[in-house]
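*Asks:* One letter stands for each residue in the lines below.
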Amino acid sequence: MNIYGDDGNIICLTQRCQWRGIEVKVDQITIDEKINPDKYDLYFFGGGQDQQQIAVSRDLRKGNGKLLKKAAEQKAVILAICGGYQLLGHYYQPAQGHIIPGVGILDLFTVAGKKRMIGNVVVELDRHLTINGKQSTKLVGFENHSGQTLLGKRVRPLGKVLKGFGNNGKDKKEGAYHDNVFGCYLHGSILPKNPHFADYLIRLALQRKDSSFNLVPLDDGLEWQTHQAAVTRTYQTK
Amino acid sequence: MLDFQESLALLIGKATKFLIRKLELGGATAAPGLFALKFDPKLVAKMSKNFPQGSIVITGTNGKTTTSRMLSGIFEKHGLKPIHNRAGSNLLRGIASTLLENSNLQGVIKDDLAIWEADEAVMPEAVLQTAPKVLVVTNLFRDQLDRYGEVDKLRKIWTEVVKKLGKHDFLILNSDDPQVAYLGKSAKAKVFYFGLGDPNWGTSKLPRIADAKFCPYCTTPLNYQTVYVSHMGDYRCPKCIVRRPKPNIFAQEIDNIKEESAQFKLVLPNGQTEIKLSVGGLYNIYNALAAASTAWALGLDLATIKVGLASFKAAFGRVEKFEVDGKILWLYLVKNPAGFNEVIKTLFADGEKKDVLIAINDLTADGKDVSWLWDVDFENLKGRTNKLLVTGIRAQDMALRLKYAQTEKPAMVENDLEKALKTAIKQSGKKLFVLPTYTAMLEIRKILNKMGHGTKFWED
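Protein sequences appear in the order of chains R and B.
Start counting the first sequence at 1; every next residue gets the next number (the numbering used here).
Start counting the second sequence at 1; every next residue gets the next number (the numbering used here).
If you are wondering where the hints come from, they were derived from the structure by calculation, not from laboratory data.
Please read all numbers here as calculations on a predicted model, not as lab measurements.
All C-beta atoms in this analysis are idealised placements derived from N, C-alpha and C, irrespective of residue type, glycine included.
Heads up, some of the hints might be wrong.
To be verified - Part of the chain B face toward chain R, derived, beta carbon under 8 Å: (1) Lys14; (2) Phe18; (3) Ala399; (4) Leu400.
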């Protein structure tokens, strides 16, 4: 599950660590490979199309779902985008055919809608997230989904939609998080243009082993320029 | 005899074109058709019955224009006069506009056959209306996902269209593209496959961004023996019987791949010949194979195909050369990750460092979501550029992508296209390579025209 440019998030996380002298090893886990919950600090789960979603859901039910849940319980960081986000919930109900069961790590479910929710998005980060908000308290990205996600009680939205549709186009919520598990509909890719969120995830992953760990700041001039330009562009086009 | 509706539509369409050209509002390659279709939605179907040699529809994500033009060139060498919706206007209105352009007020067309490029989503309507003798499918990539939603959905729609072709019609398919080749299973028409047959030019690993990695029948990840371009290659499903069909028409002994050249041995069921192209890259060999297969299916001979392909020159805006202030400016259109990767590969195949200007817009025709930039292997630009400049509406996103690809820092990140273009021309050496998305390309051409270089696009 890696379409829509979501690999950009892996590139971003890897570079931001390497620029700080933090060694990173990236493994790709595919269908029929077993997740080892003790091995990884951070999991990235991207978007995919219906066919792939069905295939991955099948694989998760065979065993990887439970292993991913175990990783989440051990406070590994999980970032899931779009299709991956939907599969972290209880289930996804497509327009036709059977319900696709999810892993149930996030208290939410998704139902296919008739309208395609497409376009630039600006989100105000949830106030309970301790993300360094000096440069911006927003997330900016691009959404493209017809699934409507509804959040349950045991999860908080990643943020409030300022421009765009968000989870379902109705309740002005976008994304969801619980402990160290984060999911949302934002492509872009999301992390390069939102370096505060990228660093937040890196810090959480590293503080798992060493709770006093702090990240050296990077020169994010271009990142913030791009973030601002994208926010402006969203307001121009929505 | 024309019915009233068709007559009215013809009149409206021709009047629209006359006004647009007279008032210098544009190329009139889409609007006349758009208005005419409003008056007679069946206009294309009615006028398509005119052609003694029938119609050909070419669809796919990349290569439609090049394949259409290559095929046109082959037919012209054969002494047939095809009409073709040029200038890349490949929605139904573009087809209608071309028909209007080439007919008189009575709807009489003097040409022998029609070659239509059809946009991926418009292909069903185009096939329904033009009732083609041949349907050619070049490939299926993720391109402007925000317009077409999902690749799977598109392939399912295409399968329904393929079923409608008659048993005397032809279906020309790319054997190396799993999603496209699989369409052959649903056809009662005569199916011919084309593909590459020179593993020296392939690799054994899939790049990151492939989107047809899953078996179209059982969704199991495919195994590849050879990968040629993105997800195209020699594949088989480890679980079921799906595998790459043996191509009827293929390319061997590929050689001399540069910016402006590619050579290969074309192997057809009844013979083989050496082909020399004046465009470069493996992707253009695929285009040449598609054109050759179509011409061969319709009975044209090897000699005609060879000469026709050799005479091909690049279409407007896809790859184009301009002379500006004593320098040569190359325009390479970029639309999606696979295309961009191939452009980078082709550009630096000769090992020389180059001056590059990248122009990224995010209007509808470019694709509004710039996420696709993160699927392009810009890491391959590292150490290969002299001057690197970035422009377009999303210049910052592009510059950010380059930062993470660890290329040279761009000398300029400037949203104003005209300013950036003029600076790039001034600062570059003898050659400047401009890589724009679609609307940026149109704007750059306009600017170059204003400066006195290049021809207006509809005269190509």
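*Asks:* Compare the structure with each hint and give your call.
*Replies:* Status of each hint after checking the structure:
The beta carbon of Lys14/B comes no nearer than 36 Å to any beta carbon in chain R, farther than 8 Å, and the hint placing it at the interface is violated. Taken as an interface hint, Phe18/B does not check out: its beta carbon lies about 35 Å from the nearest beta carbon of chain R, beyond 8 Å. A cut of 8 Å between beta carbons decides the hint on Ala399/B: the least distance to chain R is about 6 Å, and the hint holds. A cut of 8 Å between beta carbons decides the hint on Leu400/B: the least distance to chain R is about 5 Å, and the hint holds.
In terms of the numbered hints stated before, the structure departs from hints 1, 2, listed from lowest to highest.
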